[in-house]
Each structure stands twice: as structure tokens, then as C-alpha cells.
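**Q** These are the residues of each chain, in order.
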Amino acid sequence: DGGITQSPKYLFRKEGQNVTLSCEQNLNHDAMYWYRQDPGQGLRLIYYSQIVNDFQKGDIAEGYSVSREKKESFPLTVTSAQKNPTAFYLCASSPGLAGGPFTDTQYFGPGTRLTVL
Amino acid sequence: AQSVSQHNHHVILSEAASLELGCNYSYGGTVNLFWYVQYPGQHLQLLLKYFSGDPLVKGIKGFEAEFIKSKFSFNLRKPSVQWSDTAEYFCAVNARSGAGSYQLTFGKGTKLSVIP
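So the protein lines, in turn, are chains Y and D.
Numbering-wise, the first sequence is residues 1 to 117 according to this note's numbering.
Numbering-wise, the second sequence is residues 118 to 233 according to this note's numbering.
Please note that a few of the clues may not be correct.
What the hints assert, rightly or not - Only some residues are given here: those of chain Y computed to face chain D with a beta carbon under 10 Å:
id	residue
1	I4
2	Y33
3	Q37
4	R44
5	L45
6	F55
7	G63
8	A92
9	D104
10	T105
11	V116
12	L117
Simulated from the structure, these hints should not be mistaken for lab results.
By construction, the Cβ of each residue, glycine as well, lies at the ideal position given by its N, Cα and C atoms.
When you get a sec, could you build the whole thing from the sequences and use the hints?
**A** The following block contains the structure:
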């Protein structure tokens with residue numbers, strides 16, 4: 001059963017702690033993305049990766065870090081430098097067509113709701 | 118900077134009513150356009166997309182959207198909504214910037230509530 005998995009579904013952390021959100025896909029997609037969704041804000045891009053060992057900052061990368069050591073995995077670390085980390089985080093992937101990133105359909109995971117206390 | 122506007126934050130309709138959700142974008146170059154939908158408790162998923170060709174595109178579950186380049190719009194329509202269409206709808210626009218990089222921008226979303 002192909003798809004994107006994100007774990008955990010709910011995550012609670014104390015202020016000042018780093019936390020890593022997991023994202024795994026078995027769709028054999030080249031490109032992966034991390035978005036943040038806040039009520040009334042839509043989706044905002046944090047980071048994206050077009051290929052293993054390469055990633056680019058999105059619109060709101062400050063306070064976040066990523067790695068792409070394997071094609072199927074794209075973990076996101078929310079660092080203590082992120083001023084307002086409480087949010088719903090969505091991971092997505094896409095085949096990665098030659099037309100460039102974001103030109104093809106993205107497939108989304110179920111999301112992780114992070115609450116920082 | 119590129120922007121995407123969805124005019125309605127929350128739309129409430131009765132079953133069988135017609136639906137039109139507005140989406141306007143600010144970029145003047147070549148664009149790819151998407152509508153995504155998030156049903157309660159489910160993943161965000163693609164509803165339909167426009168890359169080129171016929172500006173009237175059809176998606177899943179009877180939805181369609183029309184790309185009007187002169188109006189920078191990509192409005193979503195459905196002739197007769199059902200209770201199961203209750204969801205949040207997001208318009209997204211992909212465009213190539215002058216520097217050669219791509220950018221995908223989502224609108225803030227429109228919540229649709231359909232009353233049985």
C-alpha cells in the first residue's frame with residue numbers, strides 16, 4: 001500500500017527543546033516537501049528536496065532544518081530557534097518531473113500536530 | 118512576490134446548490150494551477166490541475182475549474198454539491214520566477230460546509 005507516513009500524529013514538547021518529525025514515502029518519488037499549516041494561513045513551504053543529499057529553503061525556513069540521506073526519508077527538525085513552533089506540519093512528495101519542482105502533483109501525508117508547552 | 122487569493126473563508130450551502138469558489142493569483146507569466154481538497158480527518162489530496170491546453174479542466178467528484186488568463190483566475194465549480202463535499206479547499210499556483218527558480222504558493226483555503 002503506497003503512500004506517505006508521518007509520525008507521530010501528535011507531539012508535545014517543552015519550549016527550548018529540539019524535536020524531529022518523521023516523513024517516509026514508498027512511492028519512489030524524487031521530490032519531497034515540508035509545509036506548515038496554521039488556521040487561516042493556508043500552507044507555507046518550509047523546505048523542499050528534489051533529490052537525495054540536496055534540499056532548498058522555502059518561504060519560512062528559519063528555525064527549521066532537514067536532511068535527505070535516503071530517497072524515501074525527509075525528516076524535519078524544529079529547533080529551539082523557531083519562535084512559534086506550535087502548528088500542523090505536512091509532508092508531501094512528488095515524482096519530480098523534468099519541468100522543475102512543484103510542477104507535478106504532490107501527495108500529502110496525514111500530518112503531525114506539534115504543540116510546544 | 119507571488120500571491121494567491123481565495124475570496125471566501127467559509128461558504129455554507131444546502132445540498133444541490135451550485136458552488137463556485139474564487140481563486141486569483143498575481144503572477145503574470147506561465148503558471149501551473151491546482152486545487153487541493155482536505156476532507157475532515159483525511160489527507161490533503163489533488164482535486165484537479167491545469168498545466169496547458171483546454172482552460173476548462175475536470176477533476177474528481179464532478180468538480181471543474183476554468184482558467185481565465187486575462188483575469189488571473191482559476192475558479193472551482195460544481196453544479197450540485199453534496200453533504201460529502203464538506204471540506205477545506207486550497208488553490209495553489211506554481212510559477213517560475215525571474216531568477217529561474219520555481220515557487221508554489223497556496224491560498225489560505227476556503228471551508229465549505231454543506232447542509233443536508
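**Q** Does each hint fit the structure? Answer for all of them.
**A** Hint check results:
1. About 8 Å separates the beta-carbon of I4 of chain Y from the nearest beta-carbon of chain D, less than 10 Å, and the hint is met.
2. The restraint placing Y33 of chain Y at the interface with chain D holds, with a minimum CB-CB distance near 8 Å, inside the 10 Å limit.
3. Among the interface hints, the one on Q37 of chain Y holds; its C-beta lies about 9 Å from the nearest C-beta in chain D, closer than the 10 Å criterion.
4. Satisfaction of the interface hint for R44 of chain Y is found here, the shortest Cβ-Cβ separation to chain D being roughly 7 Å, below the 10 Å cut-off.
5. Because the beta carbon of L45 of chain Y sits about 7 Å from the nearest beta carbon in chain D, less than 10 Å, this interface hint is met.
6. Because the closest C-beta pair between F55 of chain Y and chain D is about 14 Å apart, greater than 10 Å, the hint is violated.
7. Below 10 Å, beta-carbon pairs count as interface contacts, and G63 of chain Y has none with chain D, the closest being about 20 Å; its hint is therefore violated.
8. Given hint, A92 of chain Y at the interface with chain D, holds; its Cβ is 8 Å from that chain's nearest Cβ, closer than 10 Å.
9. Among the interface hints, the one on D104 of chain Y holds; its C-beta lies about 9 Å from the nearest C-beta in chain D, closer than the 10 Å criterion.
10. Interface hint status for T105 of chain Y: upheld, as the beta-carbon distance to the closest one in chain D is roughly 5 Å, under 10 Å.
11. Below 10 Å, beta-carbon pairs count as interface contacts, and V116 of chain Y has none with chain D, the closest being about 23 Å; its hint is therefore violated.
12. A cut of 10 Å between beta carbons decides the hint on L117 of chain Y: the least distance to chain D is about 25 Å, and the hint is violated.
Taken one by one, the earlier hints fail for this structure at numbers 6, 7, 11 and 12, listed in ascending order.
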